[in-house]
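Student: Letter by letter, the chains look like this.
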Amino acid sequence: MSKMLEATCVGGVVTADNVPVAADILSEGVSQSEGILILDGDTAKYLAKTSPDLKTLIETMVTILNQTITILTGLDAVTVSPGGQTAPIALLTTMSTQLNASKELLK
Amino acid sequence: MRVKCFHGYFIFSETKVGQISDFIARYGLDIVAKDDYYTFSDLEDAPDYSLTGATFLSTVAVETFEGKPWEVFEANGMVYNFSTGLIVPIDSVIETVQILTSKNHFIANGLILPGSLTAEGLRVRDYSAWFSRDTLRFTYSEVNCV
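Protein sequence lines, in the order shown, are assigned to chains A and B.
Counting from 202, one number per residue, gives the positions in the first sequence under the working numbering.
Counting from -5, one number per residue, gives the positions in the second sequence under the working numbering.
These are calculated hints, taken from the structure and not from any lab test.
Be aware that a few hints might be false.
So, partial list: chain B residues that the calculated Cβ filter (under 10 Å) puts toward chain A [what the hints assert, rightly or not]: (1) 31; (2) 41; (3) 42; (4) 43; (5) 45; (6) 47; (7) 48; (8) 49; (9) 53; (10) 55; (11) 60; (12) 61; (13) 69; (14) 85.
So, partial list: chain A residues that the calculated Cβ filter (under 8 Å) puts toward chain B [claimed, not checked]: (15) 204; (16) 223; (17) 237; (18) 241; (19) 296.
Given the structure is predicted, the values throughout are model-derived calculations rather than measurements.
We put the beta carbon where it would ideally sit given N, CA and C, even for glycine.
Generate coordinates for the entire structure from the input sequences, incorporating the hints supplied.
Tutor: What follows is the structure, given as structure tokens:
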């Protein structure tokens, strides 16, 4: 039967119960993370929680989308613009809203 | 009453009701129930894992390991010294023990302290013993040394 402990990882160093633990890191282990140390016999493996990474990624994508919408809206409004981009811009806005909402639904 | 010493961890079990309480009353040892057996109260909270450098009961673990408490003891080379109530490295035990061979069992004077040195220079790590209320002696059916 294996044992799971709460742990953190910074710069490839896993820490649990306030001591560094020599463990195989199953994620990248570069950025600071919280996760789980799995002990099974003399084997120790660290598994980071990836949801914070995903949440940050989604927030970045939403920011990019919103900035794109702002730029496109401005371009579409100028007199020399061919116009007619209202529907695609509206679609981008919908996608941005959906993407933003998805970060609250991470499993 | 049966006494098993697994890698310096103790398990007491009754073959008749009341043996444990009699033993406790006679010798004043602090023995408590744990899971489906009895053990010394100092071992009651023995973790089922150890992390190198982290506190493990009264000592510091030297290995990262997960398993039954006695397996963790073995992985860390520790034994329980019931005289001092401390978990100690097996190599640090300085007591000696004389184990006599009888027909089909072994005899020693009292309960063997795990890690004790035999006349052959080996250390007692595991044993299985029976305590008789009639003779007040321990009879050892198995003694393993390292």
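Student: If any of the earlier hints don't hold here, list their numbers in rising order.
Tutor: Violated hints (numbers, rising): 1, 9, 14, 17, 19; every other hint is consistent with the structure.
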